[in-house]
Amino acid sequence: MKAAIFDLDGTLIDSMGVWDRLGSDFLAARGIHCPEISLEIKNMSFMEAAGYYIERFSFKDTREQLVAMWNEMALKEYSENIDLKKGAREYILNLSGRGIKLGLATATYRRLALAVLERHRLLSLFQSVETVEEVGRGKQYPDIFLLTAHKMKVRPEDCVVFEDCLHAVKGAKRAGMRVCAVYDYFSAHEKKDIECIADKYIHCFDELSGTI
668 MKAAIFDLDG
678 TLIDSMGVWD
688 RLGSDFLAAR
698 GIHCPEISLE
708 IKNMSFMEAA
718 GYYIERFSFK
728 DTREQLVAMW
738 NEMALKEYSE
748 NIDLKKGARE
758 YILNLSGRGI
768 KLGLATATYR
778 RLALAVLERH
788 RLLSLFQSVE
798 TVEEVGRGKQ
808 YPDIFLLTAH
818 KMKVRPEDCV
828 VFEDCLHAVK
838 GAKRAGMRVC
848 AVYDYFSAHE
858 KKDIECIADK
868 YIHCFDELSG
878 TI
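Okay, so the sequence shown: first residue is 668 according to the working numbering, each after it adds one.
Honestly, the hints are just simulated from the structure, not real lab data. The reader is advised that the hints may include incorrect statements.
[What the hints assert, rightly or not] Pairs of lysine-lysine, BS3-like flavour, derived with a Cα cap of 25 Å:
no., residue 1, residue 2
1, Lys-669, Lys-753
2, Lys-669, Lys-840
3, Lys-709, Lys-867
4, Lys-858, Lys-753
5, Lys-867, Lys-753
6, Lys-840, Lys-859
7, Lys-840, Lys-709
8, Lys-867, Lys-752
9, Lys-837, Lys-867
10, Lys-858, Lys-752
11, Lys-669, Lys-859
12, Lys-859, Lys-820
13, Lys-837, Lys-709
14, Lys-753, Lys-709
Start from the sequences, fold in the hints, and give me the full structure.
Next comes the structure, spelled out in structure tokens:
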């Protein structure tokens, strides 16, 4: 391994509950009860989700306006409250100390990703921070992973991707990369399918001890 590419939400940080609540809270503020919305948009990018909201609920907002509102709602959590997952800090420091390049490939808005990494004093360790908005489609496709590797000047086969969701694990494998899947409560229902595809499956970063 010459480079490690990390997902953010549900992999490095314990944040999926924030997004699970945000969608339904946003709709509730507009008088709409739809608790299942988080599952419906789970695999979408921000812009894809915004388009879905506009079509399904006949909103007059633009996609850009919806995304801006969601990100303002989430910024406080990312800047002040969201914690790293168990063992994540130590593992990142371990890799960085060994000269492994670090990249972030996330579906999260860049401003939020930078805020939470800065809060935990990890941002300076990453050579590349990329979002799906920069490639135009979600993590079920290889684009975001290939872009991150390209920015770090590393071949796909020399990268290990750390992901928690099935669609992203598939995307990383399509990019020709090895995958270490990371357990998260919100993707636990996909565990069996993930284990069949990923090269390794862990429940927390403490299990690695610098072995991958």
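* Asked: When you check the alpha-carbon spacing of Lys-669 and Lys-753, does it fall within 25 Å?
  -> Answer holds: Lys-669 to Lys-753 is near 23 Å, not above 25 Å.
* Asked: Are Lys-867 and Lys-752 close enough, with their CA atoms no more than 25 Å apart?
  -> holds, 18 Å
* Has the given pair, Lys-709 with Lys-867, been kept, meaning a C-alpha gap of at most 25 Å? -> Holds - the C-alpha atoms of Lys-867 and Lys-709 are around 23 Å apart, at most 25 Å.
* Asked: Does the alpha-carbon distance linking Lys-867 and Lys-753 stay inside the 25 Å limit?
  -> Status holds; Cα separation ~17 Å.
* To do: Would you check the hint for Lys-859 and Lys-820, treating anything up to 25 Å between C-alpha atoms as holding?
  => Measuring from Cα to Cα gives roughly 33 Å; hence the hint is violated.
* **25 Å Cα cutoff - pair Lys-840, Lys-709** => The given pair, whose Cα atoms are some 20 Å apart, holds under the 25 Å limit.
* To do: Given the hint that Lys-753 pairs with Lys-709, test it: the Cα-Cα distance must not exceed 25 Å.
  => Roughly 23 Å separates the two Cα atoms, so the pair holds.
* Satisfaction of hint between Lys-752 and Lys-858, Cα-Cα up to 25 Å -> Holds. Lys-858 to Lys-752 sits at ~18 Å (cutoff 25 Å).
* Asked: Does Lys-709 lie within 25 Å of Lys-837 when you go C-alpha to C-alpha?
  -> holds, 15 Å
* To do: Would you check the hint for Lys-837 and Lys-867, treating anything up to 25 Å between C-alpha atoms as holding?
  => holds, 13 Å
* Would you mind confirming whether the straight-line C-alpha gap from Lys-858 to Lys-753 stays at or under 25 Å? => holds, 19 Å
* To do: Would you mind confirming whether the straight-line C-alpha gap from Lys-669 to Lys-840 stays at or under 25 Å?
  => Given pair Lys-669, Lys-840 holds - Cα atoms ~17 Å apart, limit 25 Å.
The structure does not agree with the numbered hints 11, 12 stated previously, though it agrees with the rest.
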